[in-house]
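Novice: Listed below are the residues making up each chain.
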Amino acid sequence: MTLLERDHNAPTAWFGNLPVTNRYTYGLGGERFFRAVKEEGRILGTHCPTCDWTYVPGTAFCERCLGELNEWVDVGATGEVYTYTLLFENYDGTRRETPEIVAFIQIADGGIIHRLGEVDPEEVDIGMLVEAVFKPKAKRTGAITDILHFRPL
Amino acid sequence: MKTKINEFPGISLSEKDFDQGKILFNFDELRGDFAWDTGIAIGQYLASLREGVILGARCSSCRKTVVPPRVVCEWCFRPMAEFVPLEDTGTVNTFSLCYVTWDVQRIKEPEIPAVIEIDGASPLHGIMHLLGEVDPKKIFIGMRVKAVWKPSRQRKGAITDIRYFAPLAEGGVK
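Sequence lines, in order, name chains A and B. For the first sequence, the residue numbers in the numbering used here are 1 to 153. For the second sequence, the residue numbers in the numbering used here are 154 to 327.
Warning: the hint list may mix true and false statements.
To be verified - Here are the simulated lysine-lysine pairs, BS3-like style, with alpha carbons at most 25 Å apart:
| # | chain 1 | residue 1 | chain 2 | residue 2 |
| --- | --- | --- | --- | --- |
| 1 | A | K137 | B | K217 |
| 2 | B | K169 | A | K139 |
| 3 | B | K309 | B | K217 |
| 4 | A | K137 | B | K299 |
| 5 | B | K217 | A | K139 |
| 6 | B | K169 | A | K38 |
| 7 | B | K157 | B | K169 |
| 8 | A | K38 | B | K175 |
| 9 | A | K135 | B | K217 |
As the list claims (entries may be wrong) - Output of the computed footprint for chain A on chain B, the stretches with three or more beta carbons under 8 Å from beta carbons of chain A:
| # | stretch |
| --- | --- |
| 10 | 205-216 |
| 11 | 284-293 |
It should be emphasised that the hints constitute simulated quantities derived from the structure, not laboratory data. All residues carry an ideal CB built from backbone N, CA and C; glycine is no exception.
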């Protein structure tokens with residue numbers, strides 16, 4: 001056997017897994033936003049008086065004037081579908097019969113990317129008014145998934 | 154900027170803050186699955202480990218025997234002529250006492266990684282492995298060691314088919 005020939009009984013590949021984990025903390029603004037989601041089931045934004053702009057989710061400073069934002073406002077649980085897409089594939093690449101509907105929901109001057117639910121994919125429309133459906137309080141962990149989905153009003 | 158900054162905004166976090174739920178966070182795990190092509194030489198090396206043999210490769214023009222084996226000689230760039238089975242004994246070239254695990258947990262009994270020059274390979278050629286069945290205080294450079302293999306049924310073609318290297322004779326002296 002020459003050395004350039006591969007032994008077919010020999011292992012061809014070494015399989016492994018890199019155990020990479022991470023913990024993301026939301027920061028000062030994000031902490032306040034997700035506390036409100038978790039404990040009160042409310043969506044908060046911040047208003048910049050200089051720019052007259054309301055950020056959703058609420059942020060600690062204004063992106064436009066870089067001023068500190070302290071004016072936290074309840075922006076309500078309703079918004080408008082700004083754009084959406086139908087997903088026919090799962091995270092692992094397998095096919096879905098019914099699509100997952102992911103949308104950007106505009107709320108005040110900002111918005112949230114989330115799922116749409118309790119709606120026929122055919123009937124989703126840009127400009128559609130939707131409201132957030134929260135998980136029961138006991139099941140909320142302080143994450144964006146505390147909102148199950150948005151549904152038509 | 155001449156003004157001295159005495160206070161920094163923000164708060165440093167401790168593990169307690171996470172445990173006690175003082176801070177919200179998102180935990181995520183990357184899928185880092187990989188398959189690394191062993192190539193011809195390392196594939197053969199792993200297959201030999203499964204059979205309980207440490208394999209080397211020999212370059213006939215340099216008269217060098219290297220371990221682990223490779224298909225190209227690093228010195229003359231010619232193809233290696235042959236694979237050769239080596240002894241499973243060797244000499245400690247260097248070692249370290251390691252009191253932390255790979256994921257930074259403190260341990261009382263140290264892990265002892267070592268480079269072992271394998272008998273049958275050219276001088277100073279060896280592999281990295283662990284030492285075992287030995288008092289950490291009594292290890293020395295030049296100590297003679299022998300591979301302690303897993304039982305053949307448990308071997309699967311991995312470097313861990315050798316559990317560790319243990320002192321050969323009493324105290325590992327030649």
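Novice: Run every hint past the structure and note whether it holds.
Specialist: Hints and how they fare:
1. A distance of roughly 70 Å separates the Cα atoms of K137 (chain A) and K217 (chain B); the hinted pair therefore is violated under the 25 Å criterion.
2. A C-alpha spacing of about 22 Å is found between K169 (chain B) and K139 (chain A), which places the hinted pair at or below 25 Å, so the restraint holds.
3. Distance hint between K309 (chain B) and K217 (chain B) is unfulfilled; the C-alpha atoms sit about 29 Å from each other, more than 25 Å.
4. Between the alpha carbons of K137 (chain A) and K299 (chain B) the distance comes to roughly 62 Å, so the proposed pair goes past 25 Å and is violated.
5. As the CA atoms of K217 (chain B) and K139 (chain A) are separated by approximately 66 Å, the hinted pair breaks the 25 Å bound.
6. For a cut-off of 25 Å, the pair hint linking K169 (chain B) to K38 (chain A) stands: about 20 Å separates their Cα positions.
7. Proximity of K157 (chain B) to K169 (chain B) is assessed by CA-CA distance (about 32 Å); at most 25 Å being required, the pair is judged violated.
8. With a C-alpha separation of about 13 Å, the suggested pair K38 (chain A) and K175 (chain B) falls inside the 25 Å cut-off, and the hint holds.
9. For the hint linking K135 (chain A) to K217 (chain B), the alpha-carbon distance of about 68 Å lies beyond 25 Å, and the restraint is violated.
10. Counting residues of the stretch 205-216 of chain B whose beta-carbon sits less than 8 Å from any beta-carbon of chain A gives 1, not enough to reach three: the coverage restraint is violated.
11. Counting residues of the stretch 284-293 of chain B whose C-beta sits closer than 8 Å to any C-beta of chain A gives 0, which falls short of three, so the coverage hint is violated.
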